[in-house]
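Peer 1: Generate the whole structure from the sequences, applying the supplied hints.
So that you can map any letter, position 186 of the sequence shown is 186 in full-length UniProt numbering, and since no number is skipped, the others follow by simple counting.
Hints listed in this document are in silico derivations from the structure and should not be mistaken for laboratory results.
Any given hint could turn out to be false.
Beta-carbon label-pair distances, calculated as ranges [as the list claims (entries may be wrong)]: (1) SER265 with PRO97: 41 to 49 angstroms; (2) SER442 with GLY304: 39 to 47 angstroms; (3) ASN196 with PRO332: 43 to 51 angstroms; (4) ARG214 with ASN98: 32 to 40 angstroms; (5) ARG235 with GLU374: 14 to 22 angstroms.
Where is the CB? At the ideal position from N, CA and C, for every residue including glycine.
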Amino acid sequence: KKSHLSCLLNINKTGISTRKAVKTDTFFFSVQISRILKIQTPTSFQNQRMEAEASWTTYPYNYITTYVPQAAESYSEQSDDDDETKLQTFAMDSLLPNDLLERILSFLPIASIFRAGTVCKRWNEIVSSRRFLWNFSNNNSVSQGPWYFMFTSTDDPSGYAYDPVIKKWYSFDLPCIETSNWFVASSCGLVCFMDNDCRNKIYVSNPINKQWRRLIEPPGHRTTDYTALSTSMNRAKQSYSVSIVKSKQVPGDFFQWDLSIHLYSSETMTWTTSVTDVLTGWRGGDESVICDNVLYFLIYSTGGSDHRHGLIALNLSSTSSSSEILMKSFIPMPCSLTCGRLMNLKERLVVVGGIGKQDRPEIIKGIGIWCLKEGGGGGGREWQEMARMPQRFFQGFGELDDVFASSGSDDLVYIQSYGSPALLTFDMKLKCWKWSQKCPVSKKFPLQLFTGFCFEPRLEITP
Numbered sequence: 001k002k003s004h005l006s007c008l009l010n011i012n013k014t015g016i017s018t019r020k021a022v023k024t025d026t027f028f029f030s031v032q033i034s035r036i037l038k039i040q041t042p043t044s045f046q047n048q049r050m051e052a053e054a055s056w057t058t059y060p061y062n063y064i065t066t067y068v069p070q071a072a073e074s075y076s077e078q079s080d081d082d083d084e085t086k087l088q089t090f091a092m093d094s095l096l097p098n099d100l101l102e103r104i105l106s107f108l109p110i111a112s113i114f115r116a117g118t119v120c121k122r123w124n125e126i127v128s129s130r131r132f133l134w135n136f137s138n139n140n141s142v143s144q145g146p147w148y149f150m151f152t153s154t155d156d157p158s159g160y161a162y163d164p165v166i167k168k169w170y171s172f173d174l175p176c177i178e179t180s181n182w183f184v185a186s187s188c189g190l191v192c193f194m195d196n197d198c199r200n201k202i203y204v205s206n207p208i209n210k211q212w213r214r215l216i217e218p219p220g221h222r223t224t225d226y227t228a229l230s231t232s233m234n235r236a237k238q239s240y241s242v243s244i245v246k247s248k249q250v251p252g253d254f255f256q257w258d259l260s261i262h263l264y265s266s267e268t269m270t271w272t273t274s275v276t277d278v279l280t281g282w283r284g285g286d287e288s289v290i291c292d293n294v295l296y297f298l299i300y301s302t303g304g305s306d307h308r309h310g311l312i313a314l315n316l317s318s319t320s321s322s323s324e325i326l327m328k329s330f331i332p333m334p335c336s337l338t339c340g341r342l343m344n345l346k347e348r349l350v351v352v353g354g355i356g357k358q359d360r361p362e363i364i365k366g367i368g369i370w371c372l373k374e375g376g377g378g379g380g381r382e383w384q385e386m387a388r389m390p391q392r393f394f395q396g397f398g399e400l401d402d403v404f405a406s407s408g409s410d411d412l413v414y415i416q417s418y419g420s421p422a423l424l425t426f427d428m429k430l431k432c433w434k435w436s437q438k439c440p441v442s443k444k445f446p447l448q449l450f451t452g453f454c455f456e457p458r459l460e461i462t463p
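Peer 2: In structure tokens:
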């Protein structure tokens, strides 16, 4: 069987310009290289665990910049002409100039970039260069697709990451986080973690290249009843912001809740408290997201309202910090929900919610997806229903009020039942529901819970 690069040898024999051939179909050559990286990967990559792809982080990202030259850096091919085996070797350097090789490699799946960096010194220098990382990100921002990380234990941050493009799970360890019950928020390749105990350990990291930074402790009460975490990355400025919405019951009064909003800017590296207020009949929760510089967070009724949930929209660009603006920006939910999950899909606010029964609103009868219509500066107040989960997919989600995790990015929404490692996807553009490839983890005991979050795999983003 001939190697996947035998076509290059044949091109050389005919005298046709290799540069011209590669330009004809760059993507085709990237596919061949991707296959070779799988075939000629070191043994540690080939060892599979629980039917999943072996962790591509077996070679950490910083391995790319510590390449050790090998004795031979050439590919070989066996020819079966006249039943004779002949070894044909060629150096990749003699076939492809740097610009074309870089262009080919930019079409590789992100997991293959790590493997490509271990092939030879030249490839290592290319894939670790700043120019390549940015070009790779810009060329592949759509084709890579958002990944989903699923926790497999409540005691440690290990789990599996799902790549929807090539439909594979990778063994994956997260930086910084200590247990799976930490708060998590993500934006454009960055993932923010906050501990669930004192809520003063806050980290911003890139799970792909394992770079991270701990933020200074936020202001306000350490002990709060409810906390919502969100983050937003500005790629143009290479800066990010983090938002924390804290809610604490007023002593002796269940209907009144202190609420404060704290914002962190990576440009100033400081926290500011933008709003403090006392809500009557409502409290904060643990759901928030930033879309187009507008902070959205769910509030929950403590009595006296027909709906269990409401939405607050706070324009972060506004110079006003008056507490009166909170309830003025109140947005009713599209229907009676048992629970709601907020996410940013292309700077649009999307809600995935459990639809409650009319006579028993705490019992879920279905799951719907809604998008807040654009109104400018958080002015949108009308909901557009995007989809409802078909009954054949909904079966098995249970009948309690809060039974699933959901997050998304770009045009893809992930929904996962707390009671199962099964992962469902919905494509907003194609209006298509699909189960992911089976996660290589099984339920070990009846009360075992599963959860996870979505993030964008990016190489160039640093906290």
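Peer 1: With reference to the structure, classify each hint as holding or not holding.
Peer 2: Evaluated hints:
Taking 41 to 49 angstroms as the suggested C-beta distance range, the pair SER265 and PRO97 conforms, at roughly 43 angstroms. For SER442 and GLY304, the hinted distance range of 39 to 47 angstroms is satisfied, since their beta carbons lie about 45 angstroms from each other. Range check, ASN196 to PRO332: about 30 angstroms between beta-carbon atoms, so the 43 to 51 angstroms window is missed. For ARG214 and ASN98, the hinted distance range of 32 to 40 angstroms is satisfied, since their beta carbons lie about 38 angstroms from each other.
A beta carbon spacing of about 21 angstroms between ARG235 and GLU374 agrees with the range 14 to 22 angstroms that was offered as a hint.
When each numbered hint is compared with the structure, a violation occurs for hint 3 only.
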